[in-house]
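Protein chains in written order, with the UniProt record's numbering: chain A, 1 to 619; chain B, 1 to 619.
Errors might be hidden in some of the hints.
For each label pair, taking beta carbons as the anchor points, the in silico distance ranges come out as [to be verified]:
1. E111(B) x A555(A): 34 to 40 Å
2. A201(A) x N484(B): 48 to 54 Å
3. A532(A) x L205(B): 41 to 47 Å
4. R128(A) x P444(B): 46 to 52 Å
5. D42(A) x G574(B): 50 to 56 Å
6. D345(B) x H617(A): 28 to 34 Å
To give a feel for the contact side, a few chain B residues facing chain A, derived at Cβ under 8 Å [said to hold, decoys possible]:
7. L75
8. R76
9. R129
10. H564
11. D568
Hint data in this document are derived by calculation from the structure and do not stem from the laboratory. For every residue, glycine included, the Cβ atom is placed at its ideal position computed from N, Cα and C.
2 protein chains.
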Amino acid sequence: MPLPKSIATVCLSGALPDKLEAAAAIGFDGVEIFENDLLTYDGSPAEVGRLCRDLGLSIALYQPFRDFEAMPEPLRRRNLDRAERKFDTMQQLGAELLLVCSNTQPATLPEPERAAADLREMAGRAARRGLRVGYEALAWGRQVSLWRQAWEIVRAADHPALGLVLDSFHTLARGDSLAGLEAVPAEKLFFLQLADAPKLALDVLSWSRHFRLFPGQGELPVAEFLRDVLRAGYRGPVSLEIFNDEFRAAPVRRIARDGLRSLIWLDDVIQAEAPPATVPAAPLPAAPMLDGIEFVEFAVDEPARAALGEFLGTLGFHCAGRHRSKAVELQRQGGVNLVLNSEPDSAAAERFEMFGPAVCAMALRVDDPARALARAQALLSPAWQEPVGEGEQRIPAIRAPDGTLIYLLRPGAEIWADDFALRPEAPAVPPLTGIDHVVQALAPTHLDGFVLFYRSVFGLQPEPLLELPDPFGIVRSRTLAAPNRSLRLPLNVSESRQTTTGRFVSAYAGAGVHHIAFATPDAAALVAAMPAAPLLDIPENYYDDLEARFGLDDAALSALRRGHLLYDQDGQSGAFLHAYSRTFQDRFFFEVVERRGGYDQYGAPNAAVRMAAQSRHRG
Amino acid sequence: MPLPKSIATVCLSGALPDKLEAAAAIGFDGVEIFENDLLTYDGSPAEVGRLCRDLGLSIALYQPFRDFEAMPEPLRRRNLDRAERKFDTMQQLGAELLLVCSNTQPATLPEPERAAADLREMAGRAARRGLRVGYEALAWGRQVSLWRQAWEIVRAADHPALGLVLDSFHTLARGDSLAGLEAVPAEKLFFLQLADAPKLALDVLSWSRHFRLFPGQGELPVAEFLRDVLRAGYRGPVSLEIFNDEFRAAPVRRIARDGLRSLIWLDDVIQAEAPPATVPAAPLPAAPMLDGIEFVEFAVDEPARAALGEFLGTLGFHCAGRHRSKAVELQRQGGVNLVLNSEPDSAAAERFEMFGPAVCAMALRVDDPARALARAQALLSPAWQEPVGEGEQRIPAIRAPDGTLIYLLRPGAEIWADDFALRPEAPAVPPLTGIDHVVQALAPTHLDGFVLFYRSVFGLQPEPLLELPDPFGIVRSRTLAAPNRSLRLPLNVSESRQTTTGRFVSAYAGAGVHHIAFATPDAAALVAAMPAAPLLDIPENYYDDLEARFGLDDAALSALRRGHLLYDQDGQSGAFLHAYSRTFQDRFFFEVVERRGGYDQYGAPNAAVRMAAQSRHRG
């Protein structure tokens with residue numbers, strides 16, 4: 001029996017009914033009503049309560065009640081009056097539990113016994129109405145900022161209607177842990193709030209108010225936190241309380257789905273570790289073992305298909321076959337398959353109409369497509385099926401958050417011979433070994449959702465955020481990579497619409513693939529074998545600086561110069577050589593990359609050179 | 001003789017020639033060439049040098065040379081080779097001074113004498129080419145992070161081609177000062193970089209890389225810093241080095257103008273304080289003494305004029321006159337004059353065509369309009385003059401950064417009788433005493449520029465940034481106010497286009513007035529006297545919470561309820577009562593405010609209630 005899943009209304013955008021309807025539609029069991037959402041709403045608490053009941057949502061908590069305990073008179077008495085007014089509201093709502101967060105006022109007295117007495121008085125008044133009070137330590141509380149301090153006060157108050165509220169952010173953001181929680185009786189754990197966050201060296205209040213994330217989107221050990229709470233015997237709701245400026249600006253159902261996905265994923269993460277007694281849910285199907293990208297598919301029309309085929313031809317690709325029943329062409333170079341889909345009335349055609357030429361699908365090789373599909377579905381990513389012809393393959397697929405299809409294929413599955421009339425392999429330039437990485441440009445509000453999707457559904461690991469200087473603003477990049485490095489997906493965002501990334505985002509209405517990097521064991525030889533390739537010109541000044549930075553010899557430098565190649569190093573022996581194509585029809589471009597000696601990055605120091613060259617090319 | 005004014009190319013957006021041309025066009029004397037801007041540019045250093053000379057710009061500095069000093073072999077030797085390559089580049093550029101910033105590498109040795117020996121060796125090599133080296137302490141340098149440490153090393157190295165570079169950010173961000181600088185010989189002060197910043201509790205590296213501002217836009221004591229450097233005898237360029245993501249995304253000339261304006265303003269600020277010997281420039285005309293807003297002018301067409309007149313009628317205004325020669329109407333209520341301008345072929349008409357009904361001008365009462373105009377011009381805000389008819393008043397005016405006209409009027413000047421056929425005063429509702437504040441909605445990239453404009457040209461003081469929760473995202477608000485409080489201009493920005501502010505910004509293509517607050521001594525009486533006013537409905541829940549929070553009595557509460565009034569308190573006795581109109585044609589709205597007992601804010605805790613109500617009204 002999984003624990004009830006709840007979300008605080010403050011996580012979501014819009015008016016209170018919009019928030020409630022989204023939470024219910026996505027599948028949450030309950031909500032925390034955030035007071036500001038009620039105050040600014042023009043319906044009565046009773047109406048809100050009725051709406052929740054109609055939607056099948058429990059009201060797990062009403063919050064926050066601030067700056068209550070250990071105040072001198074007359075503030076103490078006024079605070080108790082204030083509590084009575086809020087109890088009125090809660091009874092009209094049908095909310096049973098009130099969150100009291102630790103006092104932040106300078107006037108609060110440094111006397112835990114006063115705090116305990118006040119909370120005992122409040123709990124007594126609550127109990128007379130059938131209500132309860134949960135006390136939470138805010139990380140920036142004036143006298144009480146650790147859960148252990150809050151617990152000492154709750155213990156001293158010793159009232160059955162008073163318990164503890166735990167919040168992962170307030171504990172983990174201070175570098176604190178739940179060590180000692182096992183000494184707290186399980187029935188005193190009234191409520192659990194979960195939030196993740198990026199690691200920021202920011203004051204904890206600003207960090208909390210603006211940069212919280214759903215579990216799995218950030219860098220805090222939220223799974224371990226949940227495990228500790230379950231081990232301590234907690235069996236109440238698991239509730240998300242996320243203050244995030246971007247979430248509040250995003251479509252409410254998208255954010256609600258991300259939230260529920262994060263809780264389902266968390267359940268799964270702790271399965272492996274937690275003792276059986278605390279396992280809260282049936283396990284998810286395991287994440288797939290990944291084995292690279294079988295193909296990338298482009299939505300084109302006939303003229304764009306011809307133009308893209310020609311463009312790819314200059315990069316060493318040849319037309320390896322045509323689909324038997326559809327206007328679909330296979331372009332191939334070594335281990336890289338690119339599908340050009342101009343079939344009318346298909347999902348690809350829809351994509352083309354919206355965006356012009358665009359990547360519309362990727363096929364991932366996974367050990368067990370059916371299991372991967374079942375996992376995706378359990379994580380709220382519905383299966384997708386395009387109509388297929390007689391005798392043609394039916395490939396399981398899901399949609400990424402931007403609508404891109406992700407096909408799931410068994411490694412070694414022969415998908416080409418059945419559906420395609422294949423042509424003999426052309427005499428090739430040195431063969432590519434595969435697709436090294438695929439870069440997507442996203443609107444900033446999409447980043448956290450994409451991270452959670454790839455992390456939860458495919459088990460990819462997020463890497464640290466990088467900052468890349470474009471001539472017209474900053475581009476931020478976060479890569480998700482398979483532990484075995486068979487799949488690498490950098491995600492680029494930019495607040496500016498004038499950057500290279502910002503322009504791609506606009507062209508794709510929020511998200512789209514902007515470049516694909518092909519892997520080669522010898523970039524210089526490859527580039528030399530495709531003299532017609534429209535490679536991005538690299539300034540001489542760049543090579544002068546390479547010479548100064550790395551002390552490369554003349555032969556190495558002139559090979560780089562000749563090949564329009566950029567260069568980077570990492571670790572003891574890692575090196576990276578890469579060249580970029582120009583951009584195809586202002587939509588996407590290609591890269592060839594050679595990794596030497598275990599180089600594990602993406603040439604970030606060269607991104608500024610690329611983006612400046614791209615801005616020159618577009619004039 | 002003012003010190004030369006310089007700007008680092010990293011402050012500005014675009015390719016290197018765009019940056020140089022903007023710096024020259026705005027009037028800078030020189031630039032710092034930021035290495036990344038050169039590396040990503042496809043012209044040679046010699047060509048860049050020629051362009052600078054053609055534009056009349058000196059190259060004040062080439063930077064940065066990183067991670068040089070106190071490295072073990074073979075890194076030490078490689079670093080010297082690297083320096084020789086950069087000296088080559090500088091000679092081609094025609095740059096004479098290289099900035100070396102303190103080493104951040106873990107490998108750097110904690111041995112100042114090694115650092116001094118290395119810098120001495122480097123300076124010797126530079127001197128043989130006629131070049132010089134300036135050493136700067138980065139706030140996050142590994143061994144050297146304070147200017148005094150850098151100076152000890154420069155002193156020990158004792159080479160005439162080696163000196164110190166000071167940077168206000170690196171010193172002030174650490175809470176350090178220039179105490180002791182008088183012991184450094186003036187000829188050892190090679191270069192001065194200035195940057196301001198907001199006070200953020202952020203790690204100093206992120207703070208520096210993303211949130212620097214031009215002097216006057218932030219909260220660091222940059223003027224005092226500059227004064228100390230001048231007292232120490234420095235007479236080189238004053239140069240801006242600002243890393244700011246938004247500046248990089250904004251139009252290059254706008255940012256360049258802001259930069260030069262900040263340096264002109266700084267000159268002016270230090271005039272008053274610095275001993276005459278160090279005064280670097282002729283003084284600016286003094287900032288005006290302000291005395292409130294004489295009128296606000298709206299751009300309308302005939303139908304919008306009629307509709308707005310009717311709307312204002314419900315708020316107690318009456319048509320007090322018509323212009324003798326133009327399609328301009330005066331609406332008046334007590335001390336508030338609103339001008340409705342539907343004259344074809346005017347600046348107002350241009351504004352109306354672009355945005356629909358919009359505020360196009362404000363008239364400020366200032367002690368000396370000619371002096372205020374001269375000051376504005378000296379601060380790069382050109383005078384503006386609309387054609388006037390025979391015998392009509394010619395009022396001096398400038399343009400705000402968004403194009404809004406700001407007229408400058410002497411208090412008590414009779415501007416109405418000459419140009420307008422005035423009608424007798426209508427029997428009025430309780431008269432308004434004036435305009436309390438005017439709120440502008442801005443795209444986030446405009447905020448810092450507006451702050452500097454109002455601060456420098458009018459001597460307004462920026463107040464701390466507030467955060468206001470809209471149902472669809474966060475709105476940030478920063479107010480500029482006259483010391484005597486006769487002019488208050490809150491500036492609101494939002495990253496989200498869905499917020500109330502974001503929607504106004506979109507409607508106005510980046511910036512525009514979204515509401516005007518009228519002052520009354522008795523808000524309840526005023527509202528009672530205008531029963532037809534389309535006031536914003538306030539939820540009952542809000543009043544229930546007021547009762548809980550402030551313990552207001554029933555009479556007070558029901559007066560607030562009846563009047564659609566919001567309520568706030570500050571300090572011991574300050575109180576604020578205010579009501580909002582609905583929005584006129586989705587463009588702007590009005591507020592009536594009553595300040596009691598020295599209340600000095602704007603009711604920020606109620607902004608969420610207003611914005612939620614506005615989002616309900618628009619459905």
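Mind listing which of the numbered hints don't hold for this structure, in increasing order? Numbers 2, 5, 6, 7, 8, 9, 10 and 11 - these are the hints that the structure violates, sorted from lowest upward.
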